[in-house]
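Chain by chain, the residues:
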Amino acid sequence: MKTTVVGSYPKPKWLKYVPEKDKLEAIKDAVRAVVKDQEVAGVEILSDGEVWRDEMTSYFANRIDGFVIYGEVRVWGNTYYPKPAIVDELRYRKPILLQEFEFLKKVTDRKVKVPITGAYTLVEWSFNEYYNSKEEAVYALAEILNEEVKRLVKAGADFIQIDEPAINSKDLEVVENAIEITLKGIKVYTALHICYNDYRKLFPEVMDLKVNQLDLEFANRKFEDLEILKEYSFDKDLGFGCIDVHSKRVESVEEIFKAIEKALEVVDSRKLYVDPDCGLKLLPRNIAFRKLKNMCEAVKIITFINEA
Amino acid sequence: MIFPLHQVKLLFPRYKKKHFVEVVSASSYPRPEWFRKYLRKAGLQKDIEYSVDDRILKKAQLEVLEKQNTCGVDISTDGLLTWHDFLASIAIRAGFKPGKLVRYFENNLYYRVPELKKVEDLKKPELKEFKSLCEVLKPLKKPLKAVISCVTPFYLSSCRDVKVFRIFAELVLEEVADLFNYTPHVQFDEPSLAYSNEFVEEFLSLLESFNFKGNLWISVYFKEVPEKLYPLLVDSFDVVFLDFVEGFEGNLKNVEQYGCSKLCAGIADGRNTKLDFEMRNKVEIISEFCKVEYVSSNTGLEFLPESKAYEKMKTLSKLRDAL
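Top to bottom, those sequences are chains Y and G. For what it's worth, the numbering used here labels the leading residue of the first sequence as 831, then goes sequentially. For what it's worth, the numbering used here labels the leading residue of the second sequence as 63, then goes sequentially.
It is worth saying that the hints were derived from the structure and are not from the lab. Just so you know, even glycine gets a beta-carbon here, dropped at the ideal spot from N, CA and C. Any given hint could be a false lead.
To be verified - So, partial list: chain G residues that the calculated Cβ filter (under 8 Å) puts toward chain Y:
| hint | residue |
| --- | --- |
| 1 | ARG98 |
| 2 | LEU101 |
| 3 | ARG102 |
| 4 | HIS146 |
| 5 | LEU171 |
| 6 | TYR172 |
| 7 | TYR173 |
| 8 | LYS185 |
| 9 | SER258 |
| 10 | ASN259 |
| 11 | VAL262 |
| 12 | PHE365 |
Let the hints inform the model, and build the full structure from the sequences given.
Okay, here's the thing in structure tokens:
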């Protein structure tokens, strides 16, 4: 089994105090710091912590023609995000994640993944003032993302993760088509990340989506949803979210070890990718690090026992 | 905290008489940016229901009222500014504990599912901040609409016991009775009625045992009201608030077949920034079957950025003036 992250990681606090003229250099330093944290924690497949991104929807919207942002709306509690609006035909402007990826490859020798917010989620989390239907907007955006993924793969990316937290059982066919368009002509390892969703409504159809791995959140719901995977004889690779990113409590190695044992009842260890429930960015950095470290420690122990 | 009347009056310089159709705020209004910052700075990301400084909260409520007033709303709400878990906030006030985080219907909004540890934890879910605001506004005789919820948070919670539901619902209804001491309008926000009929019979039969002294509203949105349920709502509530954005055809069929006593038509899209061009048409079509007493957005306005929320209500006011 492998250890990985979903994508985001807490940014170093000093980053927000850096003047605009030094921002690029500072972001690169922040990526180095975040990558180092993951390496020291023991993560095998890492990300750049999405340090370049302010937010997972508006970051893309700001780089694709056809979007504007009127203001912020609430996501939960007192957390807000700048919600984009589609006001014109969506068009590819220039590379969105290529610079991030190329820099990440320079700062680590480990395997890396590139998380991309999926077309369905981008549309769901935006207002649509232009297209006649949601589907039309999703497919237009999927074509743009396909262009981006092709460039990433050409640059050497071999693990693409599509983030679709907004996936909805009612629109599974739309998501399926959007994924196919996004990954058209792509032959690298692919994953789909879903979280805080009603998996009962998504299964078993979600297993038909054309990706190698489904990455799901389990810890926040006390691993109850593993039962659903058992029921439907889950046969894909599993991204197993075993760290609650909405809790500051650091899970013990023993606790994570037991959770992984439960996951191993569902999939073979070779098909298991152990990671947190979701991006870690909302946590204090030291807590995120300790959680990752314990997660990697638990995987090490369980691997050692299995091998022995 | 006492607010001087002259200060409050400044917020409402024009008190208009009733129009042919009145513009009503559906429920929530976006939090003022400074209030969000205050909440963040105070570290009040969770469990703030009773711990926000009253003066700060009052300032935010008055600002939101002023916004509604200046864009021409006839019946405003307090904006539900401390409802961290949307409609589930009522259940949390009633003694449920916030549990796992899940998606709020089909929105990019998440809330903590209320979970009941034991029946003894249940208590009356008081809308203290609403009542306190009404006290401030009392001399102006400007009515606010209170918003509450009963079926929704329970339906979405982990608890499924009908006996427990009755206890919970009775406590909510006691609070509704009390709210009528402060306002002539109390609205049940129950989008889940469009999705499920769980506990509906119990809810409606409990309603019968209460004799409220004001207008009891029911608001169902995100979809049309199921046909079987619609006549029951007309019988049980004074005002039926329907979604004519996302459930236009179904709700039109409902009013055509069963009529309506007092109708509030949700015709401005509360979930999209796109301006609504069909509103006048819609009112005219609906009016063929039932008199439209009130117009509003189909949902609360917290799904929109503040500037767009304001614009939507302003457009509704212009429509009212043109009708």
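### Message
Using the nearest Cβ pair, does LYS185(G) come within less than 8 Å of chain Y?
### Response
Violated, about 23 Å.
#### Entry: Status of the hint placing LEU101(G) at chain Y (closest C-beta pair under 8 Å)
Holds, about 5 Å.
### Message
Checking hints one by one. Is ARG98(G) an interface residue toward chain Y, by the C-beta closer than 8 Å rule?
### Response
Because about 6 Å separates ARG98(G) from the closest Cβ in chain Y, which is inside the 8 Å limit, the hint holds.
### Query
Does LEU171(G) pass the interface hint, meaning its C-beta sits closer than 8 Å to a C-beta of chain Y?
Since the shortest Cβ distance to chain Y is 6 Å, the answer is holds.
### Query
Close enough to count: is the Cβ of PHE365(G) nearer than 8 Å to one in chain Y?
holds (6 Å)
### Task
Verify the interface restraint on TYR173(G): the C-beta must sit less than 8 Å from at least one C-beta of chain Y.
holds (6 Å)
### Task
May I ask you to test the interface hint for SER258(G) with respect to chain Y, counting a Cβ-Cβ separation under 8 Å as satisfied?
violated (14 Å)
### Task
Mind checking the CB of HIS146(G) against every CB in chain Y and telling me if the closest is under 8 Å?
holds (5 Å)
### Query
When the nearest CB of chain Y is found for VAL262(G), is that gap smaller than 8 Å?
violated (22 Å)
### Task
Closer than 8 Å between Cβ atoms is the bar; does ARG102(G) clear it against chain Y? Give me holds or violated.
Since chain Y brings a Cβ to about 6 Å from ARG102(G), closer than 8 Å, the hint holds.
### When the least beta-carbon distance from TYR172(G) to chain Y is tested against 8 Å, hint result
holds (4 Å)
### ASN259(G) as an interface hint toward chain Y, with CB separation required under 8 Å
violated (19 Å)
Violated hints, listed in ascending order, are 8, 9, 10 and 11; each of the other numbered hints is respected by the structure.
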